[in-house]
Amino acid sequence: MPVSKDGLPCNRDAHEDLIRKLRELLPPEAVLTDKEDLRPFECDGLSVYRRLPLVVVLPETIAQVQAIMRLCYALQVPVVARGAGTGLSGGALPLSDGVLLSLAKFKRILHIDPENAMATLQPGVRNLAISDAAAAYGLYYAPDPSSQIACTIGGNVAENSGGVHCLKYGLTVHNILMLKVVTMEGELLTIGAETLDSPGYDLLALMAGSEGMLAVIVEVTVKLLAKPERAQVLLAAFDDVYKAGEAVGAIIAAGIIPAGLEMMDKVAIHASEDYAHAGYPRDAEAILLCELDGTNAEVSEHIMKVREILHQGGATEVRTAVNEAERQLFWKGRKSAFPAVGRISPDYYCMDGTIPRRQLPHVLRQISLWSEEYGLPVANVFHAGDGNLHPLILFDANKDGELARTEEFGQRILQLCVEVGGSITGEHGVGMEKINQMCIQFKSAELSQFHAVKSAFDPAGLLNPGKAVPTLQRCAEFGAMHVHHGKLPHAELERF
Amino acid sequence: MLGRDISETLQQQVRNAVGNGTPLKIEGGNSKTFLGRETHGETLDVSGHRGIVEHDPRELVLTARSGTPLKEVEAALADAGQMLAFEPPHFGDNATLGGTIACGLSGPRRPFCGSARDFVLGCKLLNGKGEILRFGGQVIKNVAGYDVSRLMVGAYGTLGVLLEISLKVLPRPAASYTLIQECTQAEAISKMSRLLSQPVPVDAACYHAGHCYVRLSGSEQAVKHAHEHLGGEVIEKSEPFWHALREHHLPFFSSAKPLYRVMVKPAEPPLEIVGEWLLDWGGAQRWLVSDEPIALIRERVAAAGGHVTQFRGSERNGEIFQPLAAPLLIIHQRLKSSFDPHEIFNRGRIYANL
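In the order they appear, the protein sequences are chains A and B.
Sequential numbering from 1 applies to the first sequence in the working numbering.
Sequential numbering from 1 applies to the second sequence in the working numbering.
Everything labelled a hint here was simulated from the structure, so no lab data went into it.
As the structure is a computational prediction, the values presented were derived from the model and not from experiment.
Glycine is no exception: its CB is placed at the ideal position from the N, C-alpha and C atoms.
One or more of the hints may lead you astray.
Said to hold, decoys possible - The calculated DSSO-like cross-link candidates involving lysine-lysine, where the alpha carbons are at most 27 Å apart (straight line), are:
1) A/Lys-399 - A/Lys-332
2) A/Lys-305 - A/Lys-227
3) A/Lys-443 - B/Lys-129
4) B/Lys-191 - A/Lys-223
5) A/Lys-335 - A/Lys-168
6) B/Lys-191 - A/Lys-227
7) B/Lys-129 - A/Lys-168
8) B/Lys-224 - A/Lys-168
9) A/Lys-243 - A/Lys-105
10) A/Lys-332 - A/Lys-243
11) A/Lys-305 - B/Lys-224
12) B/Lys-71 - A/Lys-168
13) A/Lys-227 - B/Lys-71
To be verified - Beyond 10 Å from chain B on every Cβ pair, some chain A residues (computed):
14) Tyr-201
15) Ile-256
16) Thr-320
17) Leu-416
All chains should be modelled from the sequences, with the hints used to inform the complete structure.
Printed below as a string of structure tokens:
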């Protein structure tokens, strides 16, 4: 029997056998094999990586998910789970020999428990829908990734999604209590508990951000928080990016934890202003948005303090949103920064490194030097409160070699983030996109430990294989390539 | 700053233990030896591996070696107007940061501000092959690789020896008031549960000896307004009370009967188990002093969707922690052997076969 390089059967008979058996488990409309039906599943939010799966399945019960997993395990067929497909690192990229397991039909809110401030959800419930449903009880779900209208809670857990309020309210890992997951072998496990902790190892922490490598999430119980009485946002303009960076540190040093603290540089301000008309000052080199929330009294007190700090820090202008409409407008500019940048450049490449905040001036200076060196403009959008940088490198994929240059530039930025004590990814995940950069951040023994963790859940290595953690061989090859002027040869080849 | 890096010595000791097949018992300040199951082995003393490696208050991050006394960490933070927001219990003068994290202990602030594991950002550890590995980092957001640092929290040293830990730290609140109100346990449970859905700056709530205690912390104005809103009598100088609660120094904890830690949903009505109760964590962590058999306690708590730890005064070779479902136990065993293939670290500390 012909065998693919991964040792997986790839002949037509085996595929037909798999599809026939899947049809025995699921209704006809839940098994997709026609090319046009598979097309919507060929990529996630990172569309530079595309591949059609062998088959897409759309189960709607946990029992069906278990049956699919048991079948795939028996036939040794790899499985990639997928939520809304809004991920930005290619984590849900299908395998041509594998099953793409969509959780799209799992979209019911199972229970909202206001007394215990928690909600139990199917994995396909949209992030924003949780807060909408909880609003009646004065509660909300805190993590708010920018894709919150579309992204689903199962994917949020798999990616450990953040949002603009991470500094104060944490990431997904801080806001979940319990998961039901199905292993590759088809076993249904309960991880965590409705109580604040659970016996044994903290598998809940392992599952958060595991990028679909350990188990398939089929139910999520989240913690809800009381809606703050008031939220108020300040906008400060600076004639120097570094002064803005310093002001961020000064606010935190004063003992204030803002709900959100965002920074944009001039390129980003202009793009965003042209698009969203939020009234941002165009002559500023950088702006800071600082949101304060809490009780009325607390917010008033903190606004006074923060205004003072911003003025002392050399802000050329400080505005306070006078009402909710203006607050939304200030945020609209920031939240539309990505599409706005998309309008001024044929393509952009979004980086997601994190750095200790004090390294900001150094890192920004270096990025701007490289920007000149490569002849590629950069718009900087920065979750300043939590050190998460999103430099957007502007390029044109239709120009010969520009994508390769962009990737090289991006790689240098990520390497710099690691060098200054940060990480290659703050919230978008590794997926396919940053798998080589994992070799920079981790040593062989650490990567081996990651592989061993995966094996504890998925000994056969059939769940989302090839993502998130590179093989040591891959790193050896990447390292060897890396020495040669830090350039990736054979950029046209698939990178697994 | 008193500091010393003995990671190479520790690494050598682990390698020797692997070579000789000698099990190791990891020890820091020896303050939490009473927790969990009894473990036997040669002592691996981590207390000499100490010192704060880095603390930049503007970054809200502190990195320290595992043997650093918890007191030293807290004093350094206090100097900068900061704190460990999970308010860890020490359970002894010599408590170390490593032991606190390995046992995953959190104090009264936990339900409102997060647990020990929530504040862990990264760690350096020595695995059972004698390799020194780093996971996570010193940044708040980091999703590269599995979250191994948080997996170490509450693993009681069974997966590896913590060498260095990076934690997110927070500013100390400007003001703090404690309100007290006389009530029954059932009234306290519903009162505390209501706090969860109100925008009030609560950072601790407990029920003890016929009284509900609520601690408000935040800016001076915020605390004042919340007090007006919630009512209740203010206790002056409440710090010793919360300290005694956290450290188990209240008379409740000196009973000769076994002490159980009962975890349930916060709004769960009072459980029908004979004994004395003290409710912390807004009702989510309940301390029970009782002579009832553990099987009965487990059964009643499980019926309420909770779990039980035999905290003090029980047979140390039994099931101290709630037994795991079979498929979960298999994953635990595989994880254990992935970090500690020769089974040298803290054998049987949490479960007999881990």
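Checking each numbered hint in turn, tell me which of them this model violates, lowest number first.
Failing hints, ascending: 1, 7, 9, 13, 14, 15.
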